[in-house]
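Novice: Okay, here's what each chain looks like letter by letter:
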Amino acid sequence: MKYLIYIIAVIILLGLNLGIFKSLQVYGQIPNLLFLFMLFFALEKQDYDFFFVAAVCGIFLDFYSAGFFGAYTLAFLTVGLCAHLFANNLLVLEINWKSLSLVLLASLIMFNLILWFFQFLAFKLGWSGQFAGIKVFSSEFPANFIYDWLLLYPVYLCFTFVRGFVQNLNVRRRGVVR
Amino acid sequence: MRFIYTKAFAIFAGCLALLALLVIMQLKGWLDPIRIAFLDAPRPVAALANSAASPVKNFFSTIYQLKKISDENGRLRAEVKQLEQALVGQDQQTRENQALRDELGFAKNTQLNLASCAVLSDNPFGQTDALVLNCGTKDGVGEGQAVISQGYLVGKIIYAGPGSSTALLITAADFSTDARVSQTDAAALVKGSFGSGVILDQVKQTDDLQKGWLVVSAGINAKIPKNILIGQVSDILSSDNDLFKRAALISPIDFDNLQFVFVVKD
Numbered sequence: 001m002k003y004l005i006y007i008i009a010v011i012i013l014l015g016l017n018l019g020i021f022k023s024l025q026v027y028g029q030i031p032n033l034l035f036l037f038m039l040f041f042a043l044e045k046q047d048y049d050f051f052f053v054a055a056v057c058g059i060f061l062d063f064y065s066a067g068f069f070g071a072y073t074l075a076f077l078t079v080g081l082c083a084h085l086f087a088n089n090l091l092v093l094e095i096n097w098k099s100l101s102l103v104l105l106a107s108l109i110m111f112n113l114i115l116w117f118f119q120f121l122a123f124k125l126g127w128s129g130q131f132a133g134i135k136v137f138s139s140e141f142p143a144n145f146i147y148d149w150l151l152l153y154p155v156y157l158c159f160t161f162v163r164g165f166v167q168n169l170n171v172r173r174r175g176v177v178r
Numbered sequence: 001m002r003f004i005y006t007k008a009f010a011i012f013a014g015c016l017a018l019l020a021l022l023v024i025m026q027l028k029g030w031l032d033p034i035r036i037a038f039l040d041a042p043r044p045v046a047a048l049a050n051s052a053a054s055p056v057k058n059f060f061s062t063i064y065q066l067k068k069i070s071d072e073n074g075r076l077r078a079e080v081k082q083l084e085q086a087l088v089g090q091d092q093q094t095r096e097n098q099a100l101r102d103e104l105g106f107a108k109n110t111q112l113n114l115a116s117c118a119v120l121s122d123n124p125f126g127q128t129d130a131l132v133l134n135c136g137t138k139d140g141v142g143e144g145q146a147v148i149s150q151g152y153l154v155g156k157i158i159y160a161g162p163g164s165s166t167a168l169l170i171t172a173a174d175f176s177t178d179a180r181v182s183q184t185d186a187a188a189l190v191k192g193s194f195g196s197g198v199i200l201d202q203v204k205q206t207d208d209l210q211k212g213w214l215v216v217s218a219g220i221n222a223k224i225p226k227n228i229l230i231g232q233v234s235d236i237l238s239s240d241n242d243l244f245k246r247a248a249l250i251s252p253i254d255f256d257n258l259q260f261v262f263v264v265k266d
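In order, the protein sequences belong to chains A and B. Heads up: the first sequence at position 61 corresponds to 61 in the working numbering, and the numbers run straight through without jumps. Heads up: the second sequence at position 150 corresponds to 150 in the working numbering, and the numbers run straight through without jumps.
Worth flagging that the hints you see were computed from the coordinates, not collected in a lab. Every residue gets a Cβ at the ideal spot worked out from N, C-alpha and C, and that includes glycine. It is possible that some hints are incorrect.
To be verified - Chain B is faced by these chain A residues, among others (derived, beta-carbon under 7 angstroms):
#1 LEU16
#2 ILE20
#3 TYR48
#4 PHE60
#5 PHE63
#6 LEU81
Can you build the whole structure from these sequences, using the hints too?
Specialist: In structure tokens, the structure reads:
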């Protein structure tokens, strides 16, 4: 049941991303709400739901993108795993807004690098007819990061709402009366 | 090494295997039905979000455009002023063109030796009914020569300098020249009248004179050739008891807006 709720949340976020932010571009960039959503899941300690969310978000974006299939899914899974390992093994205290901004910066860099590398590999193997050069990613990165950074808190609210909803659902299913 | 034995790595490896399977299915084209479902799923939410965001977007877009609209407005105003000025110049050129055509239409058919001149200004030195022309002695213009426009006598040169000359109009009070009535060949005198245009005077009482008859130059003055149209009799001013017959003449020439004239050279 919780996975169905995750899928619905991803669909709603993707719909908002396409419906609202596609016409509110900043220097030609739109935010990646799914990436932020997955990142918050990945930063949860001792929780592996982020793999499902990353896979679903990646598959959705792979279908919507014009690049070779699998690039976004691989990037989401890898960045999610890395963020999860960081949160579990390196982060001593709870994450705050300063460290979250740095995590977002590092994860976006890794995300773009994996995307570029996958598309480059697909191009070299003849699976894809074109790929965007690294300069394209680097020129778009600053606007992309700032736009994502500005939407961190709204997506965090969405994430806490979904987590709370799923936890309440689990509690009620177990029959615990509050 | 310990990481590969963790649950996280196991799930990650499982996801990678699933991804590889999906990539193979995509290459085979088996993912197309699923692809359609994935693409259609967020559409209702996207449509709803778009319809909700459109008014906000239009509002901010309008505000953002305001400065551009204001700048464009200023630029267009300046352009309109420039075009209006160009239009005034063009209207002036059109009038000059028409005046030249009218003059050239006469000049083409005449055998007179003409010097074409442009009117520089009127009322020089405080004189009324006089014109300054842009041709002078170097163009063959001399004092006493007739000034004509569209075949009608408009005045005579009273002063000729090297590069410019002054012409006295036939409507000037101190203008006079010999004339004759075209229909009867009766001799007469044409003089200007302050505020009254052109007067035909000194026609004998025995000579017939009627409205509508043409009056031309007599050619007695050597510098003003004969048979140059002066005007048409519009009104008989004298009575049978007067010594001579007098009449008012009208000319089709607009003396207030002359731009180009010809001087009849010797």
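Novice: Decide, hint by hint, whether the structure agrees.
Specialist: Each hint tested on the structure:
Interface restraint check for LEU16 (chain A): the shortest CB-CB distance to chain B comes to about 5 angstroms, inside 7 angstroms, so the restraint holds. At its closest, the beta carbon of ILE20 (chain A) sits 4 angstroms from a beta carbon of chain B; the interface hint therefore holds under the 7 angstroms criterion. Because the closest C-beta pair between TYR48 (chain A) and chain B is about 6 angstroms apart, less than 7 angstroms, the hint holds. Among the interface hints, the one on PHE60 (chain A) holds; its C-beta lies about 6 angstroms from the nearest C-beta in chain B, closer than the 7 angstroms criterion.
For PHE63 (chain A), the interface hint holds, since its Cβ comes within 7 angstroms of a Cβ in chain B; the closest pair sits about 4 angstroms apart. Given hint, LEU81 (chain A) at the interface with chain B, holds; its Cβ is 5 angstroms from that chain's nearest Cβ, closer than 7 angstroms.
Checked against the numbered hints above, the structure violates none of them.
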